[in-house]
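S.K.: Chains A and B, in that order, are what the protein sequence lines are. Quick note on numbering: the first sequence equals residues 1 to 159 in the numbering used here. Quick note on numbering: the second sequence equals residues 1001 to 1274 in the numbering used here.
Do not rely on the hints blindly, as some may be mistaken.
Partner residues are not named here, just some residues of chain A that face chain B (Cβ under 8 Å, in silico) [unchecked claim]:
1. P18
2. G44
3. L47
4. Q53
5. L54
6. V55
7. L61
8. A63
9. L79
10. H80
Read the hints as simulated data drawn from the structure, not as lab findings. By construction, the Cβ of each residue, glycine as well, lies at the ideal position given by its N, Cα and C atoms.
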Amino acid sequence: MNGTFIVNKVACNFSFNPTARLLTVLRDNGFTEVKQGCQEGLCGACLVIIDQQLVNSCQVLAASCLQKQITTVKGIGTLHHPHIIQEAFVEAGAVQCGFCTPGMVLATYNLLNQIPQPSEEQIKQFLDGNLCRCTGYVKIINAVKIAARRLNQGNHGKN
Amino acid sequence: MSEPKWYYPTDVDSAIELLNLNEPLFHAGGTGILMRGFLGVSNIIDLQNLKLNYTICQNKNITIGAMTSFSQVIKFIKTINLNSLLIKSLSRAGTTPLRNRITLGGSLAFLPPWSDLIGPLIALNAKVEVKGLNQGIYPIQEFIRNPSIQNKSLITGINYPLSDYSNFYHRATLTQVGFANFTLSIIGKQKSRTVENLKIVITGTKNRYQNLTDLEQKLIDRPVDFNYFEKNVNSTQLDFSAKELGSSEYITRLAKYHLLNGLQQVFTEEKEDK
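Looking at chain A on its own, in the form it has when it is part of the complex (with noise of 0.2 Å):
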């Protein structure tokens, strides 16, 4: 079948299999930067907004996401004009091997949207689909309260 999604704030037109996972069609198309991790659920890597909605897209059919606004974590920032949280998660060192990365940033921007200022214990919660095999989750939390601390501070860049 054919669709088209808005990703990234363009519209897309994608073939596709009936039965596609969100994911797999985002992949096949390009948006590698969406990662494929366990495809249950439960790590956080595959993490896209669809319409304001932090979602796993292992756990989205592609077909109910038609014309729907899909946020990868290459629509918040880039190499070279990187989200204010990108560049917290660099400063705290919250980033090793950097497959979980996209989807804790996903997680943290549709967190201090909701949340400005949030609590330990909130960014906890917000953040308990997303998996890090690496850091421990110490340096992450850092980046979070970082970037909510500049973000509260005015210093918005492109968010």
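Take the given structure of chain A and dock chain B to it, following the hints.
M.R.: The following block gives chain B in isolation, referenced to the frame of chain A:
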């Protein structure tokens, strides 16, 4: 085998009409379908545009549309009662991104082990609203017992009476994201240190769930006496199979420990209902 075809109805009646298609399957959040697979499915009916995403609190009754996600349910109920049993249970189901996707209706249709929904809904005396061939409002226990209610029918929502009862919820798992080996839901009310009302539901037993009516009857209208509670909890028959947590004997002991702990929490003196 041909690939399934998708349909996107915009109202409930059109969705029900589509059930006359060959081998249809409703799509709500999609997480249950992905576990189920697509074997024998020719037509997929997407429910996102049916406007079944709503939450209402009216006349001391809560009504929630079938397409409301767990996250939306939690957010809504927090505005009414921060201590709700449903908040405690749904907040522990899956993870934040999964709760954004899992819907109430989808969970009722598939009754998956990860949804943590059955116990609290039974304890809260919830009813399931169904449209289509078996149109009606069914007590949750009848709905679970009789899967044929879903034949050529669509779950449109649930409702349950609002109560200020004290409650307790426990989810027994090996890891936070693991499926529950059992869940324990207790709601209770006391007056003048006497048990006035009590409902206890354990899920994950051999018959999916056990409503501990015998124990409830032994404790209702009795003084709040934790020694008496303990004696009766110890003599209660729980029917578990061996699971990843351990043997049936171990899980039974664990469940009884949490059951007694839950009763103590629900009926502590501070929480006495005036």
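S.K.: Hints numbered earlier in the text: which of these fail when held up against the supplied structure?
M.R.: The structure breaks hints 9 and 10; every other hint is satisfied.
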